[in-house]
Structure formats: C-alpha cells, structure tokens
Amino acid sequence: MQVLKGKFHYAVETHTDLRAMLVASEEKYGEKTAFRFRQNPGAEPETRTYKQFSGDCRALGTSLTYLGLAGERIAVIGENSYGWAVTHTTVLNGVGVSVPLDRLLPPDEIFNLLERSGAVAIFYDSTFHAEMMRASERLPGQIRLLCCLRPDRLKTADTDFQAVPIQSDALSQPESGPVYLRFEEMLTAGEKLLANGNKAYLEAEIDPDALASLLFTSGTTSVSKAVMLSHGNICADIAGVAGIIHIPVGLRLLSILPLHHTFENTCGLFMAMAFGCETAICDGLRYIQKNLQEYNIEMVIGVPALFENFYRKIQDSLRKQNKEKLVRRMIS
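Residue numbers (this note's numbering): -15 to 316.
Don't take every hint at face value.
Simulated crosslink set (DSS-like; lysine-lysine; CA at most 25 Å straight-line) [as the list claims (entries may be wrong)]:
{"id": "1", "residue 1": "307", "residue 2": "297"}
{"id": "2", "residue 1": "297", "residue 2": "274"}
{"id": "3", "residue 1": "176", "residue 2": "35"}
{"id": "4", "residue 1": "209", "residue 2": "176"}
{"id": "5", "residue 1": "16", "residue 2": "35"}
{"id": "6", "residue 1": "12", "residue 2": "183"}
{"id": "7", "residue 1": "297", "residue 2": "309"}
{"id": "8", "residue 1": "183", "residue 2": "35"}
{"id": "9", "residue 1": "12", "residue 2": "35"}
{"id": "10", "residue 1": "274", "residue 2": "16"}
{"id": "11", "residue 1": "274", "residue 2": "307"}
Honestly, the hints are just simulated from the structure, not real lab data.
Please model the complete structure; the sequences and the hints are all you need to start from.
Written as structure tokens, this is what we have:
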C-alpha cells in the first residue's frame, strides 16, 4: 500500500501520546501562562502556568488511581472551565477513558449516554449537582464517584460531600451509592499521596492506539453516535494543523466553543498546550467582546455560525452609527 503524506510548511515536534506532549510543554513553557479564567463572570481573572496545570493533573490522576479507577471510563460535564480541562487531560494521560458530555442535552439523554458509555465516575459543574444525584440513582451500582468541579457555586447545602482524607477503599462498595467529593480536595489529597511516594499514575503506561476519549455526536438527526479517539489520533491532528499554520509561543486565544466538541477539544485545548499558547476561557457568549478586549486575544477558534454572529453584530453597529457606506468605501 502506498502511503501519501502531506507537505508540512513548518517544522513540527511530534509526540506519540498526549502525556509526552504535556511533559515537553511543561519543560519548555513551565512558567508561562497556560490558562486565564474566572470562577464566575464577576470575579477577578486567575491564571495557571504550564507547571501548575501539569502539577494539578498529576495530583488528580494520583487521587483517581489511588481510588481504584485506573482503566475506567470517567465522564465530565459542564461549562468550559479550568477544572474541566484538568479532568479531561488527567483521565486521558494515565487513568482511563475520558467521556466528555454535552451540558445542553436533555437530562434523559445525558442519563442514556452515561449508561451507554459505562462511566463509573462523573466530574460535573455545580449546576448539575441534583441531576447527577438522580443519574446515580437511576444507574445503581454503576456510578461510584461524583466530583463537583466548583462546589462553591452550589445554591443548596453541600452536606452530601465526603470529607478528606480519601480512603483507597472508598469506592469498593458501589451498591451503597456513590461517594461525593470536591475537586479541590481531590487535588490536595493527590499532592499528599505524591509527597508520600505514590507513583502509580506517573508510571501508568500509555498505549497510543488504545481508546482514550469517547465523544458523542449531537444526535440532531438520529441517536448520538460514539466517536472513539486515541492518543495517536489526537496527536496526528495537532501535528497536521501545526504543520500548515504558524503558531507562535504565547499566542493568546479565547476558548468559546464547548470543550466536548472534538474541534475545540483538539485545537482549542491540546494544540494550544502543545505550542505554549495562553488559553483564556470565555466567561459566556454575552462576554465575548469584553473577553476579547481585556485579554488581548489574537486567535479565536470557531465555526461558521459563530463568525456569522460576529458579522451580524458588526453590521448592526454600523447601521446604528450610519457608517455602512463609509466602511464599504474604505474596503472597496
């Protein structure tokens, strides 16, 4: 069989798996900003460097492995957030299979995808707390861990959460119901385990061709289909894009599309990390213009509908200012 390869316009450092990519990025860009985000639209922006992001992934992965979740499927659902990015990356890089879910799906469809995927743990935004509790009740014995990414946003009492320290046998009796944990507490527990010499997650083997992420199509015209991606698939996409588009270190991009979309997941998350970009997480559709200005964004990854929306807003603004003819003359 003849293999045809496209021509790269730029030299690209390739990796066989995403963990190797993240290790290389931490070494090269350790103190550079990897993420810029807010916990809520009214809060002050926070930043995390590549070194901090990698450290959080190691801590979370160590906690998950300690809890006996190695090789399992773990779902993540919610708005784009730093915790979402840490969870997805962590699971891919040595725990098991990540299952990103569309937060806008109806509850029954979310339950259906949880059942179909075989996910045994769910990381979720606070708005899904009650829904995930119901999901665990509808899937008795399957869901063993529920972890809230931003529990400070909960509008109700959070007495369901179990306090640390996390015990290695905490998930050994799924018939008794899931264990509830907070994201930050899992990071803290993982840091302590690492300090005590736990290397199970760090030494986990990565098979570049094995299933790493299970993503579902929108199901607009039929039942959602599961898309199976490996480390090799994602790394090949990263290299392919970077070989034809120059991506300078420190490029500032705004993450707008949902991270459960393969396009945003691959380009807006992993490609950005591979080349030392600074990813700002959008506060929401109504804050796009504000985020573009305050973060000095240089690149936006989007789909036609997003850019058509930009165009309509620009045209509306020009009409209100009676400057349509002036702009047309300037660009003609």
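Hint by hint, here is what the structure shows:
1. With a C-alpha separation of about 14 Å, the suggested pair residue 307 and residue 297 falls inside the 25 Å cut-off, and the hint holds.
2. A distance of roughly 14 Å separates the Cα atoms of residue 297 and residue 274; the hinted pair therefore holds under the 25 Å criterion.
3. A C-alpha spacing of about 18 Å is found between residue 176 and residue 35, which places the hinted pair at or below 25 Å, so the restraint holds.
4. The straight-line distance between the Cα atoms of residue 209 and residue 176 is roughly 40 Å, outside the 25 Å bound, and the hint therefore fails.
5. With a C-alpha separation of about 8 Å, the suggested pair residue 16 and residue 35 falls inside the 25 Å cut-off, and the hint holds.
6. Only pairs whose Cα atoms come within 25 Å are accepted, and residue 12 paired with residue 183 is accepted, the gap being roughly 23 Å.
7. In summary, the hint linking residue 297 to residue 309 is supported, as the alpha carbons are separated by about 16 Å, within the 25 Å threshold.
8. Between residue 183 and residue 35, the direct Cα distance comes to roughly 18 Å. Compliance with the 25 Å bound is thereby established for this hinted pair.
9. Straight-line distance between C-alpha atoms of residue 12 and residue 35 comes to about 10 Å, which keeps the hinted pair within the 25 Å bound.
10. For the suggested pair residue 274 and residue 16, the alpha carbons sit about 23 Å apart, so the restraint of at most 25 Å is met.
11. Among the hinted pairs, residue 274 with residue 307 is consistent with the structure: their alpha-carbon atoms are about 23 Å apart, no more than 25 Å.
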